[in-house]
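S.K.: Now for the letters of each chain:
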Amino acid sequence: MRTSSRRTRGTRRTVIAVVATAALALTAAGCGGGDDDKGTPDGGGSSSGGSGSVSLPDLKGQKLEVAAVWTGPEQKNFQKVLDEFTQRTGAEVGFVPTGDNVSTFLGTKIEGGQPPDVAFLPQVGVLRQFAQKGWLKPLSSDVQAQLDKNFSTGWKDLGAYEGKQYGVYAKAANKSLVWYNTAAFENAGISEPPGTWEDFLQTAETLFESGTPPVSVGGADGWTLTDWFENVYLSQAGPEKYDQLAAHKIKWTDPSVKDALTTLAQLFGKKDLIAGGQSGALKTDFPKSVTQTFTGNPPKAAMVYEGDFVGAFIGDNTKAKVGEDAKVFPFPAVGSGKAPVVSGGDVGVALKDTKGAQALLTFLASTDAAKVWASSGGFVSPNKSLDLSAYPNEVSRSIAEGLVAAGDDFRFDMSDQAPAAFGGTAGKGEWKDLQDFLRNPSDVAGAQAKLEADAAKAYAG
Amino acid sequence: MATAATAKGPAASGGAPSARRRSVMGTRRWVAGLFLLPALVLLGALVVYPIGYTTWRSLFDKAGSGFVGLHNYASVFSDDSTLTALRNTAVWVVVAPVLATALGLVFAVLTERVSWGTAFKLVVFMPMAISMLAAGIIFRLVYEQDPARGAANAVVVGVHDTFAESSAYPGARPRPNGSLAASGGGSYTTRDAAGEGTAVGLPLIGVPAAKLPAGTADARQATAGPGVTGTVWLDFKPGGGGEPGVIDAGEKALEGVKVEAVRDGRVVASATSGTDGTFSLPASAAGAQLRLPASNFAEPYNGVDWLGPTLVTPAIIGAYLWMWAGFAMVLIAAGLAGVPRELMEAARIDGANEWQVFRRITVPLLAPVLVVVVVTLMINVMKIFDLVYIVAPDTSKDEANVLALQLYLSSFGAGNDQGVGSAIGVILLLLVVPVMVFNIRRLRREARR
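Taken in sequence, the protein lines are chains H and U. Going by the numbering used here, the first sequence runs without a break in its numbering and finishes at 461. Going by the numbering used here, the second sequence runs without a break in its numbering and finishes at 910.
This is chain H alone, in the form it adopts within the complex (with noise of 0.2 angstroms):
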């Protein structure tokens, strides 16, 4: 989730509502069974086929179903990953795309008895929940070799649920970059990024000073939300804290919580520093948030703050460049704290038991699927055995030596960790509470209690 990939929503939605109200009839009737079990390989050779740095089974005449959140130009960039993988093997590769909702769209597959054979998760909570339920099957000893080989440990861990290990992030994204007009800029006259908080918010007001609205916050889409806040969180709070709030082993209403909402209040909380003011921001989505940005002159924003997908965005959906009029610097320090570094990820695991799920997973951690999926842009792979000259572009570049130069010290977007009805529903849990925040900056108070209750329920149930 979290990618570019969030334009579609209404017709996607329409499809998660067919699908659901199908299996809610399936499943009201009892009779849920699935009966088609196509994708069900028998046997097969395993003859070693293709080049490369990853040996893949024939897989001639399978049919596998691949299930992600991406659209567009992502999921045609994945396609040649699939493409590259039917060359080897032979296998037939079916995308299906999820919409919004990957939880709710892969358990309503599931309990119909239709999963796909991999699937993408977009959150580690998902994944732990998932593991619980028995619904993945763990990785084969062939898909653990190549993540030993290509993964960092703390990658490794991410994709493992009571030590076994079930997914591999072969996708993953740096969260704490902010992009900037650099029209804008220059009419400000802001010659140097800001590196700090302080000077993040005083390059706002120069900004504001200029005539263009300062800061693009995408509200309508609660997860921007949380991501502004863990950015602020880990940086002044420090990692130990970080990683004790993901856990929920802290509560909300922890003193470290209020500081970080009253820093982010010092932005949210002034109207002339948020483009279209608090009311507006509620009702920008994540793209608009960048297209705003990055349209027009003036435009409605000098700056965005999101992970590298936005990227791929600014070249799809608006006329800017990237590298030349749309520019990136790391997400400010705050407070005595070091630069955050944020990530996100995708991870693939395997819903069926089967060869081909096996056998593509193995094949998406090896560093020729990377290789294939870098050289098309908007991706960050964690994989470090991958040659950072992989990456089309310098910007690109840039932000996946970031990642990958943070090696275990970065820290997984912690709404992606918490129970999905937490951290990851749209208009319930964090993502609400946030914006209720966003829409009343001053009351931190409230919020954390919000913010605690609603974590309660989830991290209880």
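In short, the hints are calculated from the structure, not lab data. Hints may be right or wrong, so weigh each one.
Claimed, not checked - Subject to a maximum C-alpha distance of 27 angstroms in a straight line, what follows is the list of computed DSSO-like cross-link-like pairs (lysine-lysine):
(1) U:K523 x H:K133
(2) U:K672 x H:K321
(3) H:K149 x H:K352
(4) U:K523 x H:K450
(5) U:K713 x H:K271
(6) H:K271 x U:K523
(7) U:K523 x H:K251
(8) H:K270 x U:K698
(9) U:K523 x H:K352
(10) H:K133 x H:K164
(11) H:K319 x H:K76
(12) U:K523 x H:K327
(13) U:K698 x H:K271
Assemble chain U onto chain H, guided by the hints.
M.R.: The following block gives chain U in isolation, referenced to the frame of chain H:
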């Protein structure tokens, strides 16, 4: 679940006549049974079994393996969003059917008298041909905040702006800690009193230079003259480097800003800045503080926040009325056709005015039809889901929540807890039952008549 419950209505009422027919015609029991079998099997599989299973499932936990008794029901009634859903469903059930019926009644009675009534009815009925989902998407657009995109706000803003003037420089303000200070209500006042013979500087920021009208002149230092003079200008040099509070070369004038001289809380003189940003006040303004009233900076009126937390449910009910008022109208119009004209004419001859005829004759005669319409709509509204799901944006989905939506979200949404979902389904069924019983009784009464 709700759908199952509604399906039960016609089935149950259909069972009664067939039972009677057997006794009348003397058909053998097993033959009757044989003919009933397909229907019974279908009803059993699609209605009775799901109801039973849902009730059973509602007593188990999330995983479906542990028996929890009535715990799911307890958690339903302690969960904030479910309580909101319950409250909203109550609002829906009371308001939507009544309003739709009232509208339908008005439409039906009025269209009866005009020659193009059929055309009007056709237009009002047309939304019925659209699916809830499509209607939801349409109304998502209608309620869009941006007046350039949302029809509802385009109307509201259009009407508002006809009566209220827009300001010259919305959003502009002075630098903090500059010569001007906020003086409440969105106006700004100079810290010092203006002396005669010195030019006052009133620097503002926050206006994009590119948005000033083409050909805007550079700001000019006002000549110290008789009375109080000064300049209002945009104190920002494109590209940066300007000195705050000083008119640097290339900084633009702000034309048309109202400046008031205030002494002891009273406005003693006022002026408007010219093309080069300068203004001059008479000598009487000397010693007064200069104020830029809020009317210079008022944000443009942005319309109503239809889909915000407070208005979202009424707004969605509005969308529902758009769809279903036509349905009510058609049924009521059919009933109206059966009302004897003589009664109305007699009343008119007796000197009743139109309102009295409507109130004392038409409505009482139509009462049975009105009850049918209200009850049908109530059942329909009880399971409202798609409109709310589509129209309410994420930011106010919680406030727009209804039971059927909460059922879906609990069962298949983030919680994935089908125990709680089933409990909500059972509650929904229990809420529909009284309405169904009422409906069946009424049908029986009518059959007996």
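S.K.: Work down the list of hints and note, for each, if the structure agrees.
M.R.: Results of checking the hints against the structure:
no., hint, verdict
1, U:K523 x H:K133, "holds, 11 angstroms"
2, U:K672 x H:K321, "holds, 24 angstroms"
3, H:K149 x H:K352, "holds, 25 angstroms"
4, U:K523 x H:K450, "holds, 24 angstroms"
5, U:K713 x H:K271, "holds, 25 angstroms"
6, H:K271 x U:K523, "violated, 44 angstroms"
7, U:K523 x H:K251, "holds, 25 angstroms"
8, H:K270 x U:K698, "holds, 23 angstroms"
9, U:K523 x H:K352, "holds, 23 angstroms"
10, H:K133 x H:K164, "holds, 14 angstroms"
11, H:K319 x H:K76, "holds, 20 angstroms"
12, U:K523 x H:K327, "violated, 47 angstroms"
13, U:K698 x H:K271, "holds, 23 angstroms"
The structure does not agree with the numbered hints 6, 12 stated previously, though it agrees with the rest.
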